[in-house]
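Note that the protein sequences, when read in sequence, are chains R and E. First residue of the first sequence? That's 1 in the UniProt record's numbering, and the numbers climb one at a time after it. First residue of the second sequence? That's 1 in the UniProt record's numbering, and the numbers climb one at a time after it.
Incorrect hints may appear among the rest.
Said to hold, decoys possible - Think about it this way: if two alpha-carbon atoms lie no more than 30 Å apart in a straight line, the pair counts; the simulated DSBU-like pairs of lysine-lysine are:
1) K310(E) <-> K229(R)
2) K289(E) <-> K229(E)
3) K310(E) <-> K356(R)
Said to hold, decoys possible - Computed spacing ranges between beta-carbons, pair by pair:
4) Q177(R) <-> S253(E): 40 to 48 Å
5) R98(R) <-> Q177(E): 56 to 64 Å
6) D291(R) <-> Q328(E): 43 to 51 Å
7) E377(E) <-> G290(R): 52 to 60 Å
8) R7(R) <-> R98(E): 45 to 53 Å
Claimed, not checked - Selected chain E positions facing chain R (Cβ under 8 Å, derived; list incomplete):
9) T66
10) L67
11) W69
12) F178
13) T366
14) D369
Calculated directly from the structure, the hints in this document are not laboratory data. Bear in mind the structure is a predicted one, so any value in this text is a computation, not a measurement. For glycine and all other residues, C-beta sits at the position ideal for the given N, C-alpha and C.
2 protein chains.
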Amino acid sequence: MSAGWFRRRFLPGGPLPTPRPAGPHASPVPYRRPRFLRGSGSSPGPADASRRPDARPVRSPSRGRTLPWNAGYAEIINAEKSEFNEDQAACGKLRIRRCEFGTEEEQEWLTVCSEEFLTGHYWALFDGHGGPAAAILAANTLHSCLRRQLEAVVEGVVASQPPMHLSGRCVCLSDPQFVEEKGIRTEDLVIGALENAFQECDEVIGRELEASGQMGGCTALVAVSLQGKLYVANAGDSRAILVRRDEIRPLSSEFTPETERQRIQQLAFIYPELLAGEFTRLEFPRRLKGDDLGQKVLFRDHHMSGWSYKRVEKSDLKYPLIHGQGRQARLLGTLAVSRGLGDHQLRVLDTNIQLKPFLLSVPQVTVLDVDQLALQEEDVVVMATDGLWDVLSNEQVAWLVRSFLPANQQDPHSTSAGWSSQVLGIGPNADTQHTGEGRFHGGRTGVLR
Amino acid sequence: MSAGWFRRRFLPGGPLPTPRPAGPHASPVPYRRPRFLRGSGSSPGPADASRRPDARPVRSPSRGRTLPWNAGYAEIINAEKSEFNEDQAACGKLRIRRCEFGTEEEQEWLTVCSEEFLTGHYWALFDGHGGPAAAILAANTLHSCLRRQLEAVVEGVVASQPPMHLSGRCVCLSDPQFVEEKGIRTEDLVIGALENAFQECDEVIGRELEASGQMGGCTALVAVSLQGKLYVANAGDSRAILVRRDEIRPLSSEFTPETERQRIQQLAFIYPELLAGEFTRLEFPRRLKGDDLGQKVLFRDHHMSGWSYKRVEKSDLKYPLIHGQGRQARLLGTLAVSRGLGDHQLRVLDTNIQLKPFLLSVPQVTVLDVDQLALQEEDVVVMATDGLWDVLSNEQVAWLVRSFLPANQQDPHSTSAGWSSQVLGIGPNADTQHTGEGRFHGGRTGVLR
Numbered sequence: 001m002s003a004g005w006f007r008r009r010f011l012p013g014g015p016l017p018t019p020r021p022a023g024p025h026a027s028p029v030p031y032r033r034p035r036f037l038r039g040s041g042s043s044p045g046p047a048d049a050s051r052r053p054d055a056r057p058v059r060s061p062s063r064g065r066t067l068p069w070n071a072g073y074a075e076i077i078n079a080e081k082s083e084f085n086e087d088q089a090a091c092g093k094l095r096i097r098r099c100e101f102g103t104e105e106e107q108e109w110l111t112v113c114s115e116e117f118l119t120g121h122y123w124a125l126f127d128g129h130g131g132p133a134a135a136i137l138a139a140n141t142l143h144s145c146l147r148r149q150l151e152a153v154v155e156g157v158v159a160s161q162p163p164m165h166l167s168g169r170c171v172c173l174s175d176p177q178f179v180e181e182k183g184i185r186t187e188d189l190v191i192g193a194l195e196n197a198f199q200e201c202d203e204v205i206g207r208e209l210e211a212s213g214q215m216g217g218c219t220a221l222v223a224v225s226l227q228g229k230l231y232v233a234n235a236g237d238s239r240a241i242l243v244r245r246d247e248i249r250p251l252s253s254e255f256t257p258e259t260e261r262q263r264i265q266q267l268a269f270i271y272p273e274l275l276a277g278e279f280t281r282l283e284f285p286r287r288l289k290g291d292d293l294g295q296k297v298l299f300r301d302h303h304m305s306g307w308s309y310k311r312v313e314k315s316d317l318k319y320p321l322i323h324g325q326g327r328q329a330r331l332l333g334t335l336a337v338s339r340g341l342g343d344h345q346l347r348v349l350d351t352n353i354q355l356k357p358f359l360l361s362v363p364q365v366t367v368l369d370v371d372q373l374a375l376q377e378e379d380v381v382v383m384a385t386d387g388l389w390d391v392l393s394n395e396q397v398a399w400l401v402r403s404f405l406p407a408n409q410q411d412p413h414s415t416s417a418g419w420s421s422q423v424l425g426i427g428p429n430a431d432t433q434h435t436g437e438g439r440f441h442g443g444r445t446g447v448l449r
Numbered sequence: 001m002s003a004g005w006f007r008r009r010f011l012p013g014g015p016l017p018t019p020r021p022a023g024p025h026a027s028p029v030p031y032r033r034p035r036f037l038r039g040s041g042s043s044p045g046p047a048d049a050s051r052r053p054d055a056r057p058v059r060s061p062s063r064g065r066t067l068p069w070n071a072g073y074a075e076i077i078n079a080e081k082s083e084f085n086e087d088q089a090a091c092g093k094l095r096i097r098r099c100e101f102g103t104e105e106e107q108e109w110l111t112v113c114s115e116e117f118l119t120g121h122y123w124a125l126f127d128g129h130g131g132p133a134a135a136i137l138a139a140n141t142l143h144s145c146l147r148r149q150l151e152a153v154v155e156g157v158v159a160s161q162p163p164m165h166l167s168g169r170c171v172c173l174s175d176p177q178f179v180e181e182k183g184i185r186t187e188d189l190v191i192g193a194l195e196n197a198f199q200e201c202d203e204v205i206g207r208e209l210e211a212s213g214q215m216g217g218c219t220a221l222v223a224v225s226l227q228g229k230l231y232v233a234n235a236g237d238s239r240a241i242l243v244r245r246d247e248i249r250p251l252s253s254e255f256t257p258e259t260e261r262q263r264i265q266q267l268a269f270i271y272p273e274l275l276a277g278e279f280t281r282l283e284f285p286r287r288l289k290g291d292d293l294g295q296k297v298l299f300r301d302h303h304m305s306g307w308s309y310k311r312v313e314k315s316d317l318k319y320p321l322i323h324g325q326g327r328q329a330r331l332l333g334t335l336a337v338s339r340g341l342g343d344h345q346l347r348v349l350d351t352n353i354q355l356k357p358f359l360l361s362v363p364q365v366t367v368l369d370v371d372q373l374a375l376q377e378e379d380v381v382v383m384a385t386d387g388l389w390d391v392l393s394n395e396q397v398a399w400l401v402r403s404f405l406p407a408n409q410q411d412p413h414s415t416s417a418g419w420s421s422q423v424l425g426i427g428p429n430a431d432t433q434h435t436g437e438g439r440f441h442g443g444r445t446g447v448l449r
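Please construct the entire structure, taking both the sequences and the accompanying hints into account.
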C-alpha cells in the first residue's frame, strides 16, 4: 500500500473509495454451505438419535466422504440468532505450481498432480458476523489467494535456504550470509505468504461486498500442511490446539478488543479523530456516569498494562473505545473481535465512525514441525470457533477427544487405524454432558488428524 | 496527554515546544557518579590485583558501605568510547506517604520512617548514550517520580482489592464486582505507577535538557521491592535475571529496533511523513543498491512476521528505517534501542527527522512474588546493561554467580550469611575467563540479593 494510504482511507476529508461499476459483481453473494457437506443434506449427525429436545441439528460430511487427512467436521446453526449459518468452512488439497508466476492464472484450484507441483493441504474455519457474505467470500477466495502468494515465492520455499534474489542471481557475494544472519528460513516464506494472503483476501472481500451492496465480516482460522510442517494462521477469536496423550499445545492466540487493547488505544491516541469525539479511548472498570464526576477512579490508557486512578472529567463519561470484559467486550460498542476479514463498510450505529481502521486482517501464524514431533496415532488437532471455547476449556476438549477416540476405533467414519485416515467430529452430546448450557452456542468443530 | 498531542508534537507544521526561559535550569547537568560510590574513589575493585594489562578499572562501593538488600555493584568506564561514563545507577529506600496527595510536595526523598509510610527498596541502572546528561537526570529523578506516582494510589495499594473510587465512596453498589471481573489486583497499581513514573521522568528529562541545551538519552532498568513482591521495569536493552540453584528465570525482555520492528514500521506506515522521504520502512536482509533494481528480493513490511519477495523499485534503495541485525541493528541509522528516556532533541544526522516518535519511554513490568517463591540463600537477581549480555549468556552469568558465591562466604564485603546481607559484584576477571574479548564493553553489573 502506498504512503499515506491509511490517512486517505480513514480520515475525514479523504476521498471515498471509488465504487466499482455495477455489473456481474453487483449481484449478492449467494448463500451456501461448505462444499464438502454436499450430499449430507440437513440430516443431523450420528449423535442425533440421543440428543435432547432443545439441542439443535448438527451437520457433518456424509458417510463415505473423506476430508484431507480424513479430518472430521461438525456444525450447528444457531437458530436463535439467524436463519442462516453465518459461518463457513473450506478444505482441500493445495497444489503450488513450481514455474514462472503469472503464466496460467486461469488455472483451477484443483489440478492434476505432477512433479511440477508442491502439494499440501488446507483447512479453514470462518466465523461470520453481520451477515454470511464475508465468510462465504473468504471460503471461496482465501485458498486461491494463498496459492497465488505461495506460487510467487515457491522457488524460495523449496530451497534449503531462501535466496536473497528469487532469480537465484547473486548481486552481492555475501548475500547468503546476510540471509543467514537474519535467520530467514523457508518456513518464513510460508508465514509471509499466509500473512499476505489474508490481506489480499480482505481486499477482495471489501471490493466484492461494496459492489454487491452487502455487509459483514468474519474471523479466519486456517491450517496448512506443507513440507512436513503444519502452519496455523489465526485472525479473530477462534482457536486451534494439539491434543496429545500427555500434552495440550495451543496453536493459536485469540485477538479480541481485550487482548489487543493497547494496540487499539494507541491508534486512537495517534489519530483521535477516528473517534469523532463520541468515544473515550480510556478504559474504566465500568462505564462512568454523572455521579463519578470529580472522583478519582480506576483507569488505564494505551501505555499501561497496569492500572492507576484519574479524576473524572466530563469527557470521561463518553462511551469507551473498548467496553466490557470477556464475551461481552466490544470494540466501539459494536464488534467482539479485533482481527478478521471484511467489515469494510461497518460503522458504529447512527454515526459515521468506521470500525475498519481498528481491525487488522493480519493473522498470527504458528508452526508445528510435524516431522520432528513423532506424532502418535491418538494425536489430534482441534480447530473451533468461539462457540466451542466459550463453553469448554482446552482441558475439557482434550478429555473428550481422548475419551472418544479409543472407543470409536472400529467406526471408519469417525476413527482410523493410521496417521492419515482418521475422522472425528465432536457432536453436541459430548458437549451436553460437560457443560451447564448444553449447547455449542453456534460453534463449529473441525478435528484434523 | 490531550487529543492530537502526537501530531502537534511530531508532524511538520505543528508548533515547536515552547522553550523554557533561561534561569537556574539553563546550566548544564553536572557530571557525577552514583552516590553510593562516594568514598570508593577511582580505586579499582578487589578483583583488580589480578587483572590483565588491557582490562579497564572497575569501580564498586567502598568496603563498609551496604546497599539495600546488600546489593553489589560494579562498573567500568569504556575509555575507548568516552572520557566519562555515560551510565548511571541509583538505589535507596522507598518511603511512600500514606496520606493525602499533594500536601507536602517539598518532602525529601529520604525521610524518617514511621507507621504512616509504606516502605520498599529501589535499584536502577541507566545506560546512557549521546552524552551522560539524560542518565544523570534519570538517576536524580526517576525515584521521585515513582514515589509521587505511588503516593497518588497508595490507598489502593494497601487495600486487599483496589477500590473503584480512591475515596472509597461507592457510587455504584456493583463497583467491587466490576473491579473483580476486570481482575484488577493491587500489584496492577504498582505496575501502573512504574509505567506513569517512566513517562513523567521522560517529560522532566525533555524539559531539563532543552533548557540546558544538552542532548542524550538512556535506557532504564528498575527493580522495586514492595509488599513482598519484586517489580522489574525495563525500557531498553538491559536485562535482569533471577539465578536460583536449578533455575534461571528471565525478569525482563529487551526492546531494540529488531524486537520492536513491527511497532516501528506500523507507525511509519500510518505517518509516512515521519520519514520525510529519506527512509524506506521496508526491511531487507541488507541495504539494496542499483544492481538490485528490478530483481525480486527478500523483504518484510509492518504486517509480516514472515518474509516475502518484492520487485525492487527505486524507492526501495533508500536507507531502511531499521537496518542491520543483532548489536548492529539501528533505528533510522542512529539508535540501537527502541525504548528509554530522553532523546527529545535527537535527529538523524544532517536532517530534521526526529527519533522520538519511534521511541517509547514505557517500560515492560514483570512481577516476582518473593514471598511465595521460598527463595534460598544462594538465589540472586542479576541486573546488567547490554555490555554484560553482549559477551555472556544467562547461563554463563548464572554459572559465575553459582561459582562465586559459595567460595566467598567468609568475605563480608562480597557474601553474607543470610537473606539481607549479601554483596556481590562480578568483576572483569570473571568475564575475561569466559569470553574471547576479555572485556565488559562498558557494561555494568548490579547483583541484588
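Checked hints:
Pair hint K310(E) plus K229(R) holds up; C-alpha atoms about 25 Å apart against a cutoff of 30 Å. Using a Cα cut-off of 30 Å, the hinted pair K289(E) and K229(E) is violated, with the two alpha carbons roughly 53 Å apart. Between K310(E) and K356(R) the CA atoms are separated by roughly 26 Å; this keeps the pair inside 30 Å, and the hint holds. The hint said 40 to 48 Å for the Cβ distance between Q177(R) and S253(E), and at roughly 28 Å that hint is violated.
Between R98(R) and Q177(E) the beta carbon distance is about 60 Å. The supplied range of 56 to 64 Å therefore holds. Range check, D291(R) to Q328(E): about 57 Å between beta-carbon atoms, so the 43 to 51 Å window is missed. Against the hinted window of 52 to 60 Å, the Cβ-Cβ separation of E377(E) and G290(R) comes to about 57 Å, which satisfies the hint. Separation of R7(R) from R98(E) is about 48 Å and conforms to the stated range, judged on CB atoms against 45 to 53 Å.
At a threshold of 8 Å, the smallest CB-CB gap from T66(E) to chain R is about 31 Å, leaving the interface hint violated. Interface restraint check for L67(E): the shortest CB-CB distance to chain R comes to about 27 Å, outside 8 Å, so the restraint is violated. Restraint check, W69(E) versus chain R: the minimum CB separation of about 23 Å is more than 8 Å; hint violated. Satisfaction of the interface hint for F178(E) is found here, the shortest Cβ-Cβ separation to chain R being roughly 4 Å, below the 8 Å cut-off.
Checking T366(E) against chain R by beta carbon gives a least distance of about 10 Å; that is not within 8 Å, so the hint is violated. Interface hint status for D369(E): violated, as the beta-carbon distance to the closest one in chain R is roughly 16 Å, over 8 Å.
Checked against the numbered hints listed earlier, the structure breaks hints 2, 4, 6, 9, 10, 11, 13, 14; every other hint is satisfied.
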